Amino acid sequence: MRTNLDFSPLYRSSIGFDRLFNLLDDASRLPAIDTWPPYDIIKIGDDDYQIVMAVAGFAPDELSVTHEPNLLMVGGQKSGEDGAEYLHRGLTGRSFQRRFELADHVSVAGATAVNGLLTIDLKREIPEASKPRRIEIGTDAGAAAASPRQLAPEQQAA
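Numbered per the numbering used here, the sequence shown spans residues 247 to 404.
Derived by calculation from the structure, the hints in this document are not laboratory data.
Certain hints may be false.
[What the hints assert, rightly or not] Below 25 Å or equal to it, Euclidean Cα-Cα: the simulated SDA-like pairs (lysine to any residue) are:
| # | residue 1 | residue 2 |
| --- | --- | --- |
| 1 | K324 | G339 |
| 2 | K324 | Y285 |
| 3 | K289 | S310 |
| 4 | K289 | Q343 |
Keep in mind that this is a model prediction, so the values were computed, not measured.
Could you put the whole structure together from the sequences, leaning on the hints where they help?
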């Protein structure tokens, strides 16, 4: 049994987390998980990932990989029936559409299909403007060295 969480109190005190709350809310409403085709998600390094998906029987031109902001969609569409009469069909050739939510600044570096495995390389590239940077604290050498401002004798009130 799943319970729906109410994130509305968090909206009052947090700014810019709308996407995170929407992801959590959407995750609670997911339908039954389809396990076909099987896939692995591998962390290669601090900023490098791979998705390896078993797509046996699909030619590279029958597969599609689409990257939208914060979303990766992988699909497979068989071109047509071969006209054979199957006595047993254990190898499925059904179409599929798999969606992966991506974090900010994650992009697709490339995709290859070899030996029935589709490998999608992902890389997180944080822009320079978003990286933490140290702010130097400056001093005004002239103002710090001088004593408090004094009025000239002719400017003083009598």
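Is it true that the CA of K289 sits at most 25 Å from the CA of S310? holds, 22 Å
With a cut-off of 25 Å on the C-alpha distance, tell me whether K324 and G339 pass. holds, 7 Å
Hinted pair, alpha-carbon criterion (25 Å max): K324, Y285. Please report holds or violated. Status holds; Cα separation ~19 Å.
Is it true that the CA of K289 sits at most 25 Å from the CA of Q343? holds, 23 Å
Checked against the numbered hints given earlier, the structure satisfies every one of them.
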